[in-house]
Amino acid sequence: MESSPEKNHDLRRVSKMGYFRLYLQFIKIRLTSILSYRGSFFAGVIAQMLSYGAGFFTTWLLVTAFNELNGWTPYEVLLLYGMNLLSYALAAFFFFNFAQDIEELVINGRLDGVLTKPVNPFFYLVCNGFNVAYFSHVTLALFTIIVSFKGLGIGLGPGMLLMFAVSILGAALIHAAAMIMTSVTGFWMLRISFADLLYWNLRDFINYPLSIYNKIVQIILTFILPYALISFYPSQLFLGKEDYLFHPALTYATFPVGLCLFLLAYRFWQYGIDRYQGTGS
Amino acid sequence: MAYIEVENLCKEFKVVRRDKGLKSVVKSLFHREYDTVKAVDDISFTVNRGELVGYIGPNGAGKSTTIKMLTGILVPTSGRITVDRLTPHLHRKENARRIGVVFGQRSSLEWDLPMEETFDLFQKIYRIDDAVYKRNVDFYVELLEMGSFLKRPVRQLSLGEKMRAEIAVALLHDPEILFLDEPTIGLDVVAKGNIRQFIKQVNAEKKVTVMLTTHDMDDIEQICHRIIMIDRGIILYNGSLQGFKDKYGGEYTITVVFADDQPVIAVDSRLKLILDEGKRKIYTAQRSVVETAEALRYFIDNYQVSYLNINEAKIEDIVANAYKKSLMNED
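Keeping their order, the protein sequence lines are chains A and B. Quick note, the first sequence lines up with residues 1357 to 1637 if you use the working numbering. Quick note, the second sequence lines up with residues -13 to 317 if you use the working numbering.
Isolated chain A, as found in the complex:
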């Protein structure tokens, strides 16, 4: 007796709820594996803290040495650093391993294993790649942001707090889109370190106000690779600054642009895996 394909079609499809449960399961797994490698986990946290702490201090030293950068005070520049790091860490929780691992998954064949499972490979690999280590970044970033607001004597009301959360979310989507896009070349094992380099270096560019760079850099970082939307533009909403460069609306653009870029990156990733299924590498 053969069962009809139509009947099987509806059988226990993995729903959105299913992915959420799968996600929780993977988080549980990652946490358990931290317990079995406690030493290396804490060593990693300390190393990350030191490395980003150093970034924090160089920024601080540089800015205090100049006293101000193009009208930006040290505490204001610190907010740029904090917003950049917080949104980066939020994206990296989900997408750092995901982006780094694609090429290896292609080479060792585990991607084939994923494709034989009844799941969307994108969501599955995002679940699988969850990286707990970014709690240290989040902690440091929140600390920096609080220090900055306290130093400036700014208190955010509920509305502004919500706007801050939305901006950070949008910024995280921009980081995520960049991580996903640079990873797609991994499908055909040509992972271009140039793309990586571009992303990692640009990430540090925006720790300083965009207005200190020349016009070309400003245009690139606003319209072509819109990293300035991560912290430079949205921060001015909370700092009450008017260093708009192009248009005041840019201060609100972070979330919509982030969402669009993320969806674009997702489509690009789908294109990558389609090509993988067509060519085998």
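Think of the hints as simulated: they come from the structure by calculation, not from any bench. A hint or two may mislead.
Computed Cβ-Cβ distance ranges for the label pairs, DEER-style [said to hold, decoys possible]:
{"id": "1", "chain 1": "A", "residue 1": "Val1503", "chain 2": "B", "residue 2": "Glu131", "range": "58 to 66 angstroms"}
{"id": "2", "chain 1": "B", "residue 1": "Lys137", "chain 2": "A", "residue 2": "Leu1581", "range": "48 to 56 angstroms"}
{"id": "3", "chain 1": "B", "residue 1": "Arg18", "chain 2": "A", "residue 2": "Tyr1393", "range": "38 to 46 angstroms"}
Just so it is clear, CB atoms sit at the ideal spot from N, CA and C, and this is done for glycine as well.
Using the hints, position chain B against chain A.
Same frame as chain A, now just chain B:
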């Protein structure tokens, strides 16, 4: 309608042509030339529900490419595949629900996770009903004797234990068909025996259709109902094991020790001398040309013989012979 139907299936890969030398490297940066390699070249076959089919062929023959198309990983260049009436790459997820896949050379298990929790994870991935899940875990843990290593992380398991774990996980969601890509690779004799026994049992008791690729001819001899041999993307043989032996394994050897150093002059031309150590000589012959009984009688009737022995070709040699034949036909 057969469970798996493959019709005129082709898969081509484009490979960048690389010439030696710096100049061509620089040239290839700007202008690339591609060679088209036909990994699978117009193959057709069917597999019925409940069959246990061995899919064999030398390295690079196109076995894995075929399996990857059957499991929905790769999209065919042309041709048609249906697995239970679904086209795998178009209905990848639906197809994935009803197939189990084990790639012998790579793991689908989480390195740090003990099997107990791996089962849990796969229950979530395949959304297996609690009752079915519990029944299957109990069944496979007992049948595969996994009780002793359920709580150890996968990275600490032996190769044999790991393979048992892989197969159990692949069967957890009650698939209708199991694809095994070299399931016994690297295992010791006892472990191989256990895996074979288990595959046979699952096929018989759970009516799971099995398609396996292997280089170990004992796998074929001991468990497969049928073999399909592929080389350079073309199917060379599709049929029973006995038929395969008859087609490619007609050659046998005769070892003769003659009573004295007499010159053996008029040996039958159908017998070919391949080793001459004076009194002891070895001949080969084709069964289609001269039957073993006739060959034996020839020596006994014509010479003073003190020892005679006939060796039939082993399945490994038959396969090697078949691969060689296909190579010669090509050139």
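query = So does Arg18/B sit 38 to 46 angstroms from Tyr1393/A, Cβ to Cβ?
reply = With Cβ atoms ~44 angstroms apart, the hint holds.
inquiry  = A range of 58 to 66 angstroms was offered for this pair. Does it hold for the Cβ distance of Val1503/A and Glu131/B?
reply    = Because 59 angstroms falls inside the window, the suggested range holds.
Range hint 48 to 56 angstroms (beta carbons of Lys137/B and Leu1581/A) holds or violated = 49 angstroms, holds
Of the numbered hints listed earlier, not one is contradicted by the structure.
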